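Colleague: As a plain string of letters, each chain reads:
Number of protein chains: 2
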Amino acid sequence: MSINEANKKCLEKIQESTAIWSDIRPAKDVVPGMSERTVLHAGPPVAWNQMCGPMRGSIIGACIFEGWASNPEEVAQLAENGELEFDSSHHHHAIGPMSGIITPSMEVNVVTNTVHGIETYATLYMGIGKVLRHGAFDDEVMAKLRWMNYELAPLLRNALHHAGGIDLKNIVTQALQMGDELHNRNKASNALLLTALVQHLISVGEQSEVLKAIDFIDKAGHFILNTVMAGSKGMLDAGAHIKDSTIVTAIARNGYETGIRVSGLGDKWFTAPAPMIDGVYFPGFGPEDANPDMGDSAIAETIGLGSFSMVGAPAVVEYIGGTAQFALETTLKMYEITAGEHETYKLPPINFRGAPLGVDIRKVVETGITPIINTGIACRRPGIGQIGAGLTATPMACFTAALEAFACRKEK
Amino acid sequence: MSINEANKKCLEKIQESTAIWSDIRPAKDVVPGMSERTVLHAGPPVAWNQMCGPMRGSIIGACIFEGWASNPEEVAQLAENGELEFDSSHHHHAIGPMSGIITPSMEVNVVTNTVHGIETYATLYMGIGKVLRHGAFDDEVMAKLRWMNYELAPLLRNALHHAGGIDLKNIVTQALQMGDELHNRNKASNALLLTALVQHLISVGEQSEVLKAIDFIDKAGHFILNTVMAGSKGMLDAGAHIKDSTIVTAIARNGYETGIRVSGLGDKWFTAPAPMIDGVYFPGFGPEDANPDMGDSAIAETIGLGSFSMVGAPAVVEYIGGTAQFALETTLKMYEITAGEHETYKLPPINFRGAPLGVDIRKVVETGITPIINTGIACRRPGIGQIGAGLTATPMACFTAALEAFACRKEK
Numbered sequence: 051m052s053i054n055e056a057n058k059k060c061l062e063k064i065q066e067s068t069a070i071w072s073d074i075r076p077a078k079d080v081v082p083g084m085s086e087r088t089v090l091h092a093g094p095p096v097a098w099n100q101m102c103g104p105m106r107g108s109i110i111g112a113c114i115f116e117g118w119a120s121n122p123e124e125v126a127q128l129a130e131n132g133e134l135e136f137d138s139s140h141h142h143h144a145i146g147p148m149s150g151i152i153t154p155s156m157e158v159n160v161v162t163n164t165v166h167g168i169e170t171y172a173t174l175y176m177g178i179g180k181v182l183r184h185g186a187f188d189d190e191v192m193a194k195l196r197w198m199n200y201e202l203a204p205l206l207r208n209a210l211h212h213a214g215g216i217d218l219k220n221i222v223t224q225a226l227q228m229g230d231e232l233h234n235r236n237k238a239s240n241a242l243l244l245t246a247l248v249q250h251l252i253s254v255g256e257q258s259e260v261l262k263a264i265d266f267i268d269k270a271g272h273f274i275l276n277t278v279m280a281g282s283k284g285m286l287d288a289g290a291h292i293k294d295s296t297i298v299t300a301i302a303r304n305g306y307e308t309g310i311r312v313s314g315l316g317d318k319w320f321t322a323p324a325p326m327i328d329g330v331y332f333p334g335f336g337p338e339d340a341n342p343d344m345g346d347s348a349i350a351e352t353i354g355l356g357s358f359s360m361v362g363a364p365a366v367v368e369y370i371g372g373t374a375q376f377a378l379e380t381t382l383k384m385y386e387i388t389a390g391e392h393e394t395y396k397l398p399p400i401n402f403r404g405a406p407l408g409v410d411i412r413k414v415v416e417t418g419i420t421p422i423i424n425t426g427i428a429c430r431r432p433g434i435g436q437i438g439a440g441l442t443a444t445p446m447a448c449f450t451a452a453l454e455a456f457a458c459r460k461e462k
Numbered sequence: 051m052s053i054n055e056a057n058k059k060c061l062e063k064i065q066e067s068t069a070i071w072s073d074i075r076p077a078k079d080v081v082p083g084m085s086e087r088t089v090l091h092a093g094p095p096v097a098w099n100q101m102c103g104p105m106r107g108s109i110i111g112a113c114i115f116e117g118w119a120s121n122p123e124e125v126a127q128l129a130e131n132g133e134l135e136f137d138s139s140h141h142h143h144a145i146g147p148m149s150g151i152i153t154p155s156m157e158v159n160v161v162t163n164t165v166h167g168i169e170t171y172a173t174l175y176m177g178i179g180k181v182l183r184h185g186a187f188d189d190e191v192m193a194k195l196r197w198m199n200y201e202l203a204p205l206l207r208n209a210l211h212h213a214g215g216i217d218l219k220n221i222v223t224q225a226l227q228m229g230d231e232l233h234n235r236n237k238a239s240n241a242l243l244l245t246a247l248v249q250h251l252i253s254v255g256e257q258s259e260v261l262k263a264i265d266f267i268d269k270a271g272h273f274i275l276n277t278v279m280a281g282s283k284g285m286l287d288a289g290a291h292i293k294d295s296t297i298v299t300a301i302a303r304n305g306y307e308t309g310i311r312v313s314g315l316g317d318k319w320f321t322a323p324a325p326m327i328d329g330v331y332f333p334g335f336g337p338e339d340a341n342p343d344m345g346d347s348a349i350a351e352t353i354g355l356g357s358f359s360m361v362g363a364p365a366v367v368e369y370i371g372g373t374a375q376f377a378l379e380t381t382l383k384m385y386e387i388t389a390g391e392h393e394t395y396k397l398p399p400i401n402f403r404g405a406p407l408g409v410d411i412r413k414v415v416e417t418g419i420t421p422i423i424n425t426g427i428a429c430r431r432p433g434i435g436q437i438g439a440g441l442t443a444t445p446m447a448c449f450t451a452a453l454e455a456f457a458c459r460k461e462k
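Listed in order, the protein sequences are those of chains A and B. Going letter by letter, the first sequence gives residues 51 to 462 in this note's numbering. Going letter by letter, the second sequence gives residues 51 to 462 in this note's numbering.
Keep in mind the hints are simulated off the structure, nothing from the lab. Keep in mind it's a predicted model, so treat the numbers as computed, not measured. Treat the hints with care, since some could be wrong.
Note: identical chains are not told apart, hence a pair may lie in one copy or across any two.
Claimed, not checked - With a straight-line Cα cutoff of 25 angstroms, these simulated DSS-like cross-link-like pairs (lysine-lysine) come out:
no.: 1; residue 1: K269; residue 2: K396
no.: 2; residue 1: K269; residue 2: K219
no.: 3; residue 1: K59; residue 2: K318
no.: 4; residue 1: K194; residue 2: K293
no.: 5; residue 1: K262; residue 2: K180
no.: 6; residue 1: K269; residue 2: K194
no.: 7; residue 1: K78; residue 2: K383
no.: 8; residue 1: K59; residue 2: K269
no.: 9; residue 1: K396; residue 2: K58
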């Protein structure tokens, strides 16, 4: 099969995929390969001594939540003694924003690609600011995490079962007509999700807990993000492992390195140091406080959302910095490095052209253009949380390394 | 005061206005000047023998709903005998889409401009297709009308009271960042309204009636439209009656004539025959089935929404026909005939420029450009309902007549 044919096949598998938010379950019950002390994290594999501050902060919070430790020093001891089994979420069909920490007792959203029988997992979105994924772990964060895990999650699970699942691909498609790019702007999609869910919440829940759940999902603003991330991964995984395909199936960052995976190159990661983010800071913070790029949320761009669809979400430029013209130029530039256009995700301002889909490592190296990522900025110190949002470019070194590996592979 | 100063004052009063959806009450209890047999209609005043088919159909339905008659012949008798007191809704601080019929027992949304102490009224939005405002009045329509009036309205009233009112201007502002133009596209605003309302519905209602109400508001799609129309009228009325102002404060159509009102020309209507609509038809219908332009919904364009904000709502062009480029051109053209830009309603695709606000009759006559209206198309035969949607231009004759009146007035 030629490379172009392989890429076509890869994109077909991605395009025909679905994403149904079908369940919420404890990670240990559904995520494959979770041992008693597994700690999954965002991005390519990374060792404790390489991990950035906010990722360590998240791990501290997760270990306290699990009851494995009661303070940061004990967690550091566990990590240094090799008592925590760190691994990339991507090796377990899972995914998470920012540090992306998942431990066995955490409830995870289950999203099903019904066409390809792929299940993917992501924790519940916790809100903006001082939250676990940004490395915050004080008592307030812990209390919120427990409420979400032991009260909110069971209610949502019952509502989801009552609904028979919720079609995320349909919501994403609609929200692209409503100014969302589904990475940093989820205003419409979150409202559509709440609208789809609310009748089922009322049907299964007690009045007071339903009111609290609705208030939380509404105010969290991006609650849908983690489910869409899991859904996007489930679609892209359908296009993985296609021999001779040069399409990128994952872009992920752990705050230390950025890594990509390529369909025709199996599960191998091609990494480079994680870049800084050019962005807009919340009051009181600046570039000196910023952590390098972190999180699995670049799965958005990998499926054609985020910066790739930014022309459809001009309002996001106020959040990450930029102009409407810049949003247009960014989307147009991404067509230069992609192999296709999304058949379902359409962009109204450019006459409903399909979102740029399927980054081709050949085109990236040829044009010198790497995927732009819309993303949040974490504070480099643990315990603080998000301090801004902006744009960054995936390092070229990931793509040149992948293309070299691809060339060697071809010569065999 | 110079004309420009008068127009500035007019726009200031409009800009500082608010729109709070504060209550739902029977028309007879709140709408000023409702006698026992008052029948309010959209557009400038029109006599029974001039009324188009769908407006007559709506009146038949309304009279049956009120118990004044039991069939179309009896209603025609009442009308011909002068037993129905027809009047333009605008003469009673009220407004309605399409035929816009309001009779005393109908529950109406109450919207308050808290800055200027103005209350405005509009019936509850009934859904798409075969509905009263399009002239349908069969048993199904009547049953729905009764359910809305006697079950839905009291529940919504209680929820609104529990909420302490809902800020429509805030929702409109947000929805303009989410692809709505608030005339034919209300997808985002309707979801935001539901999100704002749902916790209060749950707090005051029985589970089964709450579920039914949520389902109705969600599926109706444009439920918010009538409340935004009332709110827009309340804002524009704040700018009415400014001596020497050439700003248009109402554009309204009754299916027979289109009329405008101008701030410096009091309550006088300047009318011309209602034009046809250039649009996209639902399957099975064509231009030969179409009624001329009808309804008060052009209040949207008068406040800077609808076609005036179409650049922010490219998805609407699929509904009314056109392209994203056409949406941009339409909005840009409207700046040529407006005196200002909205300080709160911002359009992301043109770098958050304020929506074109305040049609100046001088500019219309000077440029030869009249306000474009995004609108639904009613079937000319009563009882059918909406058959499409499209665009029409307000007749130039309205503006030349108004400008002549303005000139004569100045010479006094």
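Colleague: Next step is simple, just say for each hint if it's right about the structure.
Modeller: Against the structure, the hints come out as follows:
Within a single copy, K269 and K396 get their C-alpha atoms only as close as 27 angstroms, which misses the 25 angstroms cut-off; across copies the closest is 23 angstroms, which meets it. For a Cα distance limit of 25 angstroms, the shortest separation of K269 from K219 qualifies both inside one copy, at 22 angstroms, and across copies, at 19 angstroms. In this assembly of identical chains, the alpha carbons of K59 and K318 lie at most 25 angstroms apart only when taken from the same copy (20 angstroms versus 67 angstroms across copies). Within a single copy, K194 and K293 get their C-alpha atoms no closer than 45 angstroms, and across copies no closer than 59 angstroms, so neither meets the 25 angstroms cut-off.
Taking CA atoms no more than 25 angstroms apart as the test, K262 paired with K180 passes inside one copy only; the shortest distance there is 19 angstroms, against 38 angstroms between copies. Proximity of K269 to K194 under the C-alpha cut-off of 25 angstroms is restricted to the intra-copy arrangement: shortest distance 14 angstroms within a copy versus 34 angstroms between copies. For the homomeric pair K78 and K383, neither the shortest alpha-carbon distance inside one copy (41 angstroms) nor that between copies (60 angstroms) is at most 25 angstroms. Proximity of K59 and K269 under a CA criterion of 25 angstroms is satisfied in neither setting, with 41 angstroms inside one chain copy and 38 angstroms between copies.
Only within a single protomer do K396 and K58 lie at most 25 angstroms apart by alpha-carbon distance; the minimum there is 19 angstroms, versus 41 angstroms between protomers.
The structure fails hints 4, 7 and 8 (numbered hints given earlier, in ascending order).
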